[in-house]
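**Q** Sequences listed follow chains A and B, in order. Counted from 1, the first sequence has number 146 at position 146 by the working numbering; the numbering is strictly sequential. Counted from 1, the second sequence has number 51 at position 51 by the working numbering; the numbering is strictly sequential.
Think of the hints as simulated: they come from the structure by calculation, not from any bench.
All copies of an identical chain are treated as equivalent in the list; a pair is satisfied when it fits inside any one copy or across any two copies.
Straight-line Cα separation of at most 25 Å, DSS-like style, residue types lysine-lysine; simulated pairs: (1) K158 / K59; (2) K59 / K193; (3) K132 / K154; (4) K107 / K29; (5) K46 / K59.
There are 2 protein chains.
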Amino acid sequence: MATPIEFWFDFSSPFGYLASTRIEALAAKYGRDTVWRPFLLGAVYKINGVVPTPNVPLKGDYARIDILRSGRFYGIPIVVPSNFPIGSVTAARAFYWADAHDAARAKQLAAALYKAYFVDDLDIANAENVVKVAVQCGFDAAAVSAGLADAAVKQRTKAEVDNAIAKSVFGSPYVIIDGEPFWGMDRLDQAEKWLAGGPF
Amino acid sequence: MATPIEFWFDFSSPFGYLASTRIEALAAKYGRDTVWRPFLLGAVYKINGVVPTPNVPLKGDYARIDILRSGRFYGIPIVVPSNFPIGSVTAARAFYWADAHDAARAKQLAAALYKAYFVDDLDIANAENVVKVAVQCGFDAAAVSAGLADAAVKQRTKAEVDNAIAKSVFGSPYVIIDGEPFWGMDRLDQAEKWLAGGPF
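All chains, full assembly: derive it from the sequences and hints.
**A** Laid out in C-alpha cells, this is it:
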C-alpha cells in the first residue's frame, strides 16, 4: 500500500477546517490512508516572525471575505467564529490524548472539534467546550479532562509541534504526499493530480 | 458594458505572472475589459510588517517548489529567476510611461516584461533590460529611457502604489471585480464563478 497522506492542521485554521472535510474522501479515492496531525501555528509563526493573518492590517478584512466565500465556493458550511483566531493547544491535546487510544476515533474527534468551532461557533479554546465535544463523540468526560492535564499528552503535543517545525510545516492545512508538500485548501487540486498520476 | 476587471500585480510576483497569462482570456470570455495596475509589494509589506515570502525561513523553500509545480499544473512555462525577488519600480515606471500613451500596448509591454523575467530569466530590476524588452515591443529606446527618468511617470507610479494601499491591495495578483477582491492565482476559479453567475 502507498504511504499514508500526512494532514497537518491547526484547530484555529479556517482553511484547515475546510480541508478536513475533504481529505478523507480524497485519500480513499486513491487508496491512501491518512495521518492527522494537529500542530500550533503560533509556534511556527514565532520562528518565522509572522503575524496571524486575521491580525495583519490590510489582510484581516480580506481574510473574512475569503473564508466565507471559499465556504460557499466549495459548498462547505463555515462561519467566522466570534472568538477568532484562538489558541488551539487544548484542542490539540484532546486529539493526541484520543490518538494514543484510537487513531480513527481521534480523527472523528478532530472533525467534531472543527465543526463545533467553525460551524456552531463554540469556543474550543475553552477546555469545558472541548470536553463537551469529546463527550458527544462518545468519550468519557472524566477521562478526557484527566487526559488534558496528563504530562505525557502535553509532551506528545509538544513533540508533534517540534515535528511540524522539523518538517517545515509553516501553514495550515499542510498536506504531505510521498514527501511532497502541499500548503493550503487551494492546493488540494494539485494534491489530487499528484495522487492520480504521480509526480508532475 | 460591465465594469472592467482591475488586475493588480507586482512585476516580481511569480503568481502575478501566472495570472497575467490568463486574465485577458478570462475577461474576454465574460465580456469584460481589464485595467492592468502594477504596484510595489514592498511598500505594502512595509505597512503590514510582512517579509517577502521567499525570505521567510520555513516558507522560502516551499515557495520555490510551489512556483515551479504550479507552472506545470497550469501548463504555463515559469522559472525561478536567478535574481529573485527583485525591486520592480523600474518595470512599473516603464508600464505607466507606456500606459499614458496607449493602455493596450502597455499591457503588451507588461506581459513581455513578465515573460522576460519569469521565462527568459532576464533581470528586469535592471533599467537597460527593461528598455531592451520595450524595444522588442516596438517602443523607442530613447523615449523609454527618458520616460523612466520623467518626474510625471515617477509620480504616477507612486500614486498607483498609494491607490493600491487605499484599496487594501496587499498581495499579488489581486483582482477586483465589481468591488469584490480576489487574491492569488488560486482564486481565479472563484473569480470565474463570480463572472459567470454574479455574487455568491
